[in-house]
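Following the hints, complete the assembly by docking chains S, B, W and Y onto the known chain P.
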Amino acid sequence: MYLGKVIGTVVATRKDENLIGSKLMITQPLTMEQKPIGDPIIAVDTVGAGIGELVIYVKGTAARIAARKMDSPIDSAIVGIVDDITIDN
Amino acid sequence: MYLGKVIGTVVATRKDENLIGSKLMITQPLTMEQKPIGDPIIAVDTVGAGIGELVIYVKGTAARIAARKMDSPIDSAIVGIVDDITIDN
Amino acid sequence: MYLGKVIGTVVATRKDENLIGSKLMITQPLTMEQKPIGDPIIAVDTVGAGIGELVIYVKGTAARIAARKMDSPIDSAIVGIVDDITIDN
Amino acid sequence: MYLGKVIGTVVATRKDENLIGSKLMITQPLTMEQKPIGDPIIAVDTVGAGIGELVIYVKGTAARIAARKMDSPIDSAIVGIVDDITIDN
Amino acid sequence: MYLGKVIGTVVATRKDENLIGSKLMITQPLTMEQKPIGDPIIAVDTVGAGIGELVIYVKGTAARIAARKMDSPIDSAIVGIVDDITIDN
Numbered sequence: 016m017y018l019g020k021v022i023g024t025v026v027a028t029r030k031d032e033n034l035i036g037s038k039l040m041i042t043q044p045l046t047m048e049q050k051p052i053g054d055p056i057i058a059v060d061t062v063g064a065g066i067g068e069l070v071i072y073v074k075g076t077a078a079r080i081a082a083r084k085m086d087s088p089i090d091s092a093i094v095g096i097v098d099d100i101t102i103d104n
Numbered sequence: 016m017y018l019g020k021v022i023g024t025v026v027a028t029r030k031d032e033n034l035i036g037s038k039l040m041i042t043q044p045l046t047m048e049q050k051p052i053g054d055p056i057i058a059v060d061t062v063g064a065g066i067g068e069l070v071i072y073v074k075g076t077a078a079r080i081a082a083r084k085m086d087s088p089i090d091s092a093i094v095g096i097v098d099d100i101t102i103d104n
Numbered sequence: 016m017y018l019g020k021v022i023g024t025v026v027a028t029r030k031d032e033n034l035i036g037s038k039l040m041i042t043q044p045l046t047m048e049q050k051p052i053g054d055p056i057i058a059v060d061t062v063g064a065g066i067g068e069l070v071i072y073v074k075g076t077a078a079r080i081a082a083r084k085m086d087s088p089i090d091s092a093i094v095g096i097v098d099d100i101t102i103d104n
Numbered sequence: 016m017y018l019g020k021v022i023g024t025v026v027a028t029r030k031d032e033n034l035i036g037s038k039l040m041i042t043q044p045l046t047m048e049q050k051p052i053g054d055p056i057i058a059v060d061t062v063g064a065g066i067g068e069l070v071i072y073v074k075g076t077a078a079r080i081a082a083r084k085m086d087s088p089i090d091s092a093i094v095g096i097v098d099d100i101t102i103d104n
Numbered sequence: 016m017y018l019g020k021v022i023g024t025v026v027a028t029r030k031d032e033n034l035i036g037s038k039l040m041i042t043q044p045l046t047m048e049q050k051p052i053g054d055p056i057i058a059v060d061t062v063g064a065g066i067g068e069l070v071i072y073v074k075g076t077a078a079r080i081a082a083r084k085m086d087s088p089i090d091s092a093i094v095g096i097v098d099d100i101t102i103d104n
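Respectively, the protein sequence lines represent chains P, S, B, W and Y.
Heads up, the first sequence is in our numbering, so the first residue is 16 and it goes up one at a time.
Heads up, the second sequence is in our numbering, so the first residue is 16 and it goes up one at a time.
Heads up, the third sequence is in our numbering, so the first residue is 16 and it goes up one at a time.
Heads up, the fourth sequence is in our numbering, so the first residue is 16 and it goes up one at a time.
Heads up, the fifth sequence is in our numbering, so the first residue is 16 and it goes up one at a time.
Just chain P, same shape as in the assembly:
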């Protein structure tokens, strides 16, 4: 599970019909200090995340589980909105 920030949205009219109704959020992977790591990915929102929110996202089968859409071609999903990060290293 990864930390990210929702930074935008993607609109695709022509798409797999099992993706209809899924919100496609551009999600920037972050370090725990909230600095960007690498390039954004596109994740399906499953928790009502808005632009600018700090989120937890997952990849692979876990994403379809989160979306409750096992027949949809989803491989990343936002599964939580972060309230607090505590580091003790």
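Treat each hint with caution, since some may be false.
As the list makes no split between identical chains, a pair holds if one copy fits it or if it spans any two.
Okay, derived cross-link-like pairs now, DMTMM-like style, lysine to aspartate or glutamate, Cα gap no bigger than 25 angstroms in a straight line [stated by the list, open to error]:
{"no.": "1", "residue 1": "K38", "residue 2": "D54"}
{"no.": "2", "residue 1": "K84", "residue 2": "E48"}
{"no.": "3", "residue 1": "K38", "residue 2": "D103"}
{"no.": "4", "residue 1": "K20", "residue 2": "D99"}
{"no.": "5", "residue 1": "K20", "residue 2": "D98"}
{"no.": "6", "residue 1": "K50", "residue 2": "E32"}
{"no.": "7", "residue 1": "K84", "residue 2": "D103"}
{"no.": "8", "residue 1": "K84", "residue 2": "E32"}
{"no.": "9", "residue 1": "K38", "residue 2": "E68"}
{"no.": "10", "residue 1": "K50", "residue 2": "D98"}
{"no.": "11", "residue 1": "K50", "residue 2": "D86"}
{"no.": "12", "residue 1": "K50", "residue 2": "D103"}
{"no.": "13", "residue 1": "K20", "residue 2": "D103"}
Hints in this document: simulated from the structure, not taken from any laboratory.
Only chains S, B, W and Y this time, still in chain P's reference frame:
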């Protein structure tokens, strides 16, 4: 799910028979600013994507779901054609 | 399976309901000499790991198996607390 | 799905018995311009690929599907022999 | 499937009970010229591999298949001991 651009095609006559009928598109991964990231992959088209189109592609089991071919050895597929990208970071 | 160190926790109140009760631990990947590799990930604790402990974590379906929650959108989990590492190369 | 070139073979006498009969080909990942990318992997041949041939290979469950051996511990397989690559970017 | 060398072991007393009996081997990924690539991982031995041996290992579901433990949180396993590598590039 990832942003990419279709930049070509691959033809393979000798192949797994469950790949017959699948269009193999060379897909260049892109940043949200549409700059290339790393090297192209080969993804099966499932939405009628053409050369030069901006697409969303997926990896793993999601690709077989998109292709409606769970018995085919597919591990990447194009699942949408992008109309619009909005970034607010 | 990977070596890591638990360095913190993440709290998310709004999340997938199947994540309720799962402890989200910030886990720093380590070399076998216990030096950090890349950026921390978020893994579900399944063995009672505490902050500062050296752990083994897994990714993908193995994480849901460890959590005994196949319907939960978990893609990384801590599966053991390391007592000893022996290198002979 | 990835482009590669078969550059060698691996022999392992002591192995998982479900790998018996699978040809283990050393496969060099390539760019679409056929330049090496990173390090070779070991992929099971499922299409009669020979040394020096340009191939398409897959990873994960798709590899077991290609091998028609869902009970075999295979995570990469060659699924096609490339006749032609066309790039239009 | 990847080439590696067994360079050590990890002991974890507190662990997922489905890992009991699995030998956790520290495995260094190698190039085909047997030079180290990146950092070691922890793989379950399924073929009686010893320290210093050159092995083939797999990731993901293939690892649980190799271990004949589909309910165990294993995501990497050693599946063969290498006798010979032939490169013809």
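Hint by hint, here is what the structure shows:
1. In this homomeric assembly, K38 and D54 come within 25 angstroms of each other (Cα to Cα) only inside a single copy, at 19 angstroms, whereas the closest approach across copies is 27 angstroms.
2. Taking the shortest Cα distances, K84 and E48 never come within 25 angstroms of each other, neither inside one copy (32 angstroms) nor across copies (29 angstroms).
3. In this assembly of identical chains, K38 and D103 lie within 25 angstroms of each other by CA distance solely across copies; the values are 16 angstroms between and 35 angstroms within a copy.
4. In this assembly of identical chains, K20 and D99 lie within 25 angstroms of each other by CA distance both inside one copy and across copies; the values are 14 angstroms within and 19 angstroms between.
5. With identical chains, the CA atoms of K20 and D98 are at most 25 angstroms apart both within one copy (13 angstroms) and between copies (22 angstroms).
6. Taking identical chains as interchangeable, the C-alpha atoms of K50 and E32 are never at most 25 angstroms apart, the minima being 35 angstroms within one chain and 28 angstroms between chains.
7. In this homomeric assembly, K84 and D103 never come within 25 angstroms of each other (Cα to Cα): the closest approach is 37 angstroms inside a single copy and 28 angstroms across copies.
8. In the homo-oligomer, the alpha carbons of K84 and E32 lie at most 25 angstroms apart both inside one protomer (12 angstroms) and across protomers (15 angstroms), since each shortest distance falls under that limit.
9. Taking the shortest Cα distances, K38 and E68 sit within 25 angstroms of each other both inside one copy (15 angstroms) and across copies (21 angstroms).
10. Proximity of K50 and D98 under a CA criterion of 25 angstroms is satisfied intra-copy only: 17 angstroms inside one chain copy versus 29 angstroms between copies.
11. Taking the shortest alpha-carbon separations for K50 and D86, neither the intra-copy value of 34 angstroms nor the inter-copy value of 31 angstroms comes in at or below 25 angstroms.
12. Taking the shortest alpha-carbon separations for K50 and D103, both the intra-copy value of 18 angstroms and the inter-copy value of 16 angstroms come in at or below 25 angstroms.
13. Within a single copy, K20 and D103 get their C-alpha atoms as close as 22 angstroms, and across copies as close as 11 angstroms, so both meet the 25 angstroms cut-off.
Checked against the numbered hints above, the structure breaks hints 2, 6, 7 and 11 and satisfies the rest.
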